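Undergrad: Residue numbers (the UniProt record's numbering), protein chains in the order written: chain A, 1 to 293; chain B, 1 to 283.
Be aware that one or more of the hints could be misleading.
So the derived list for chain B, only partly shown, Cβ under 7 angstroms to chain A, looks like this [claimed, not checked]:
hint	residue
1	Thr3
2	Trp5
3	Ser156
4	Ala242
Restraint-style ranges between C-beta atoms, simulated for each label pair [to be verified]:
hint	chain 1	residue 1	chain 2	residue 2	range
5	A	Ile112	B	Phe33	12 to 22 angstroms
6	B	Arg214	A	Thr138	46 to 56 angstroms
7	A	Gly201	B	Gly254	39 to 49 angstroms
8	A	Ala41	B	Asp112	23 to 33 angstroms
9	A	Leu34	B	Ala164	24 to 34 angstroms
10	B	Leu16	A	Gly233	50 to 60 angstroms
11	B	Gly17	A	Gln165	25 to 35 angstroms
12	B	Leu251	A	Gln165	45 to 55 angstroms
I should point out that these hints are in silico values taken from the structure, not numbers from a laboratory.
Since this is a predicted model, take the numbers as computed values, not measurements.
Beta carbons: idealized from backbone N, C-alpha and C, even for Gly.
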Amino acid sequence: MFGFCSDPSILDGFNWFACYLTSATHLDFYGAFLLVMVLLAVTAPAALGMGMLGALALRSRFWPFQGFGKIYVNIVRGVPDIVFFLFVPIALGQGIEWLLHQARCPDWTEPIRQGTDFLVCPEAKLPPNGSPQWMYTTYSFGMAVLAFALVFGAFVANTLHGAMQAVPHAQVETAEAYGMTRAQAFRRVVLPQMWVYALPGLSNIWQILIKATPLLFLLGLQDIVYWARELGGQKTSIFSYPHPDWRMWYFLALLVFYLFLTWASERVFAWLGRRLSHGQATAAGERQRRAAA
Amino acid sequence: MRTCWESFEAYAFRALGREFGERLLPRGLDITFCDQVFLIGSGLIWNVYFAAVAIAIGFGLAVAVAMARFSENPWLSRAAAMFIFVFRGSPLFIQFFFFYSAFVLLPRSGIDIPLGFITLTVDTSASTTAQVGGVLVLVLNTTAYSAELFYGALQSIPKGDLEAADAYGMRGWTKFRRVIFPNMLRLSWPSYTNEAIFLTHSTTLVFLSAFPARQQVGEAFYYARYFVDQTFNPFVAYPLVAAYFVALTLLIVGGYGLVGRHLNRHLPQRSRARFRFRPQYIR
Numbered sequence: 001m002f003g004f005c006s007d008p009s010i011l012d013g014f015n016w017f018a019c020y021l022t023s024a025t026h027l028d029f030y031g032a033f034l035l036v037m038v039l040l041a042v043t044a045p046a047a048l049g050m051g052m053l054g055a056l057a058l059r060s061r062f063w064p065f066q067g068f069g070k071i072y073v074n075i076v077r078g079v080p081d082i083v084f085f086l087f088v089p090i091a092l093g094q095g096i097e098w099l100l101h102q103a104r105c106p107d108w109t110e111p112i113r114q115g116t117d118f119l120v121c122p123e124a125k126l127p128p129n130g131s132p133q134w135m136y137t138t139y140s141f142g143m144a145v146l147a148f149a150l151v152f153g154a155f156v157a158n159t160l161h162g163a164m165q166a167v168p169h170a171q172v173e174t175a176e177a178y179g180m181t182r183a184q185a186f187r188r189v190v191l192p193q194m195w196v197y198a199l200p201g202l203s204n205i206w207q208i209l210i211k212a213t214p215l216l217f218l219l220g221l222q223d224i225v226y227w228a229r230e231l232g233g234q235k236t237s238i239f240s241y242p243h244p245d246w247r248m249w250y251f252l253a254l255l256v257f258y259l260f261l262t263w264a265s266e267r268v269f270a271w272l273g274r275r276l277s278h279g280q281a282t283a284a285g286e287r288q289r290r291a292a293a
Numbered sequence: 001m002r003t004c005w006e007s008f009e010a011y012a013f014r015a016l017g018r019e020f021g022e023r024l025l026p027r028g029l030d031i032t033f034c035d036q037v038f039l040i041g042s043g044l045i046w047n048v049y050f051a052a053v054a055i056a057i058g059f060g061l062a063v064a065v066a067m068a069r070f071s072e073n074p075w076l077s078r079a080a081a082m083f084i085f086v087f088r089g090s091p092l093f094i095q096f097f098f099f100y101s102a103f104v105l106l107p108r109s110g111i112d113i114p115l116g117f118i119t120l121t122v123d124t125s126a127s128t129t130a131q132v133g134g135v136l137v138l139v140l141n142t143t144a145y146s147a148e149l150f151y152g153a154l155q156s157i158p159k160g161d162l163e164a165a166d167a168y169g170m171r172g173w174t175k176f177r178r179v180i181f182p183n184m185l186r187l188s189w190p191s192y193t194n195e196a197i198f199l200t201h202s203t204t205l206v207f208l209s210a211f212p213a214r215q216q217v218g219e220a221f222y223y224a225r226y227f228v229d230q231t232f233n234p235f236v237a238y239p240l241v242a243a244y245f246v247a248l249t250l251l252i253v254g255g256y257g258l259v260g261r262h263l264n265r266h267l268p269q270r271s272r273a274r275f276r277f278r279p280q281y282i283r
């Protein structure tokens with residue numbers, strides 16, 4: 001990074017640390033923090049969309065939809081999370097490969113499960129054999145996002161369903177008295193107002209989502225936990241930057257990172273709550289009205 | 001191939017150590033369904049141990065932290081709030097890693113604490129094992145989560161009850177023991193049930209992260225992952241471990257329900273706080 005870093009063995013003190021903390025592996029480590037943020041940025045809307053679909057299914061008057069919504073929400077909420085996070089990517093991966101296998105190699109005669117192996121024909125492999133490394137990374141990242149969206153979608157569906165029911169019923173009736181259809185009343189009256197009721201639940205789910213991100217490590221991605229273990233471990237003098245076991249400090253940094261994320265999102269949600277309460281028929285909304293008057 | 005009875009003998013207590021069954025775990029094609037049932041089941045011993053010890057110790061500590069958080073001394077209250085924030089605001093997964101790598105750095109021979117006339121030697125070698133160090137992390141974690149619940153309950157103790165206690169001339173310890181503590185417990189019991197459930201579920205993280213499973217002694221999920229690694233088939237071991245945990249959850253709900261009934265026995269049916277299952281998985 002810096003000019004004086006060419007021979008680390010003669011450095012000491014501040015310069016040593018400046019070079020050490022900007023080495024190529026450390027830049028990867030900082031990139032991994034970005035990966036966490038990307039995961040959060042991609043998963044949150046995905047889970048919200050999934051949850052909206054689930055909540056609409058729960059609300060539906062068409063019973064197969066309603067039944068499907070109930071099964072989805074209850075199964076995911078009833079099974080330990082961690083099992084789900086490890087199960088979904090493998091099961092989904094095998095499921096997709098199996099479907100591709102059926103479609104692309106109809107005349108393949110060997111059984112797919114041979115003892116301890118899961119064998120599909122080469123054309124059904126995902127990502128295709130011989131793909132570059134980044135394809136594999138993207139694939140496993142995509143699987144992780146899917147697992148997160150599935151699990152958190154169920155939590156969100158439950159919260160949104162409750163929020164839709166919390167919108168004062170008289171308002172929906174008024175809308176219908178004005179001749180709006182059920183769908184119109186939902187779009188114009190329920191949908192804009194439900195968020196203030198959903199916010200405490202959503203904020204809670206967001207905090208859980210933040211704390212679930214280190215589980216990426218279990219899915220074999222090179223995330224911050226991977227790098228903290230890698231970089232923190234003892235380095236003998238054959239490395240350019242030898243140091244004793246520093247894992248504790250690396251994990252302390254991760255701890256601080258997560259505490260900061262939690263703290264910052266608490267602040268953002270408090271602000272959002274104030275914004276959304278504006279003009280609402282709730283205690284917080286009433287208090288704002290009085291303060292302004 | 002083993003019969004079911006043979007796998008029972010070989011693996012039903014394997015989680016206690018090598019001496020309690022087959023030395024080696026079944027491998028590859030040798031794995032039968034019964035092996036998975038019994039070995040994963042034997043791992044539950046450790047899940048129950050981790051959860052029971054953490055809850056037992058964490059309960060007392062949580063009451064103390066909650067009282068500190070509720071106290072009118074700003075420094076005490078702030079320190080307790082900080083403790084709660086640190087352990088609730090960061091992932092348990094990272095806490096395990098952090099504490100394990102800190103325990104590794106402790107001197108093997110123990111730490112001498114001079115107490116004037118006598119020197120106390122704290123044995124630190126056990127702290128890198130899951131059975132001691134892992135439990136310590138779980139204790140700290142559940143203390144923070146439970147303290148937050150108890151603090152919420154302390155804030156909503158009916159004013160009339162406290163006034164009645166004052167009117168009877170109760171103070172200090174007597175007032176705490178007879179009025180504050182029972183009320184706090186009663187109000188927080190439904191959410192404390194959830195805490196117990198999810199602490200039990202989070203015991204699956206112990207061997208998943210930093211703490212090593214020596215001699216392949218692990219908890220239920222450790223064995224489930226072992227089987228999935230060996231057979232590359234997630235459709236047997238994971239549903240099995242999920243089923244075990246559902247059963248464990250029902251047991252906890254039942255047991256805590258009995259205690260909750262006892263705590264609410266003086267109240268009319270309608271005004272009792274009910275338990276609601278509120279999944280808060282990831283910690």
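Undergrad: Next step is simple, just say for each hint if it's right about the structure.
TA: Do the hints match the structure? See the list:
For B/Thr3, the shortest C-beta to C-beta distance to chain A is roughly 20 angstroms, which exceeds 7 angstroms, and the interface hint is violated. Taken as an interface hint, B/Trp5 does not check out: its beta carbon lies about 24 angstroms from the nearest beta carbon of chain A, beyond 7 angstroms. Hint status for B/Ser156 relative to chain A: violated, with the closest Cβ pair at about 16 angstroms, above 7 angstroms. About 5 angstroms separates the beta-carbon of B/Ala242 from the nearest beta-carbon of chain A, less than 7 angstroms, and the hint is met.
The given range of 12 to 22 angstroms is respected by A/Ile112 and B/Phe33, whose C-beta atoms sit roughly 19 angstroms from each other. Taking the beta carbon of each, B/Arg214 and A/Thr138 are about 37 angstroms apart, not inside 46 to 56 angstroms as hinted. Restraint check, A/Gly201 to B/Gly254: a C-beta distance of roughly 27 angstroms breaks the suggested window 39 to 49 angstroms. Range check, A/Ala41 to B/Asp112: Cβ separation about 51 angstroms, and the 23 to 33 angstroms hint is violated.
Between A/Leu34 and B/Ala164 the beta carbons are some 58 angstroms apart, a value that contradicts the proposed interval 24 to 34 angstroms. At about 31 angstroms, the beta-carbon gap between B/Leu16 and A/Gly233 misses the expected band of 50 to 60 angstroms. Checking the proposed 25 to 35 angstroms range against B/Gly17 and A/Gln165 shows it is violated: the Cβ atoms sit about 53 angstroms from each other. For B/Leu251 and A/Gln165, the Cβ-Cβ distance of about 32 angstroms falls outside the hinted range of 45 to 55 angstroms, so the restraint is violated.
Checked against the numbered hints given earlier, the structure breaks hints 1, 2, 3, 6, 7, 8, 9, 10, 11 and 12 and satisfies all the rest.
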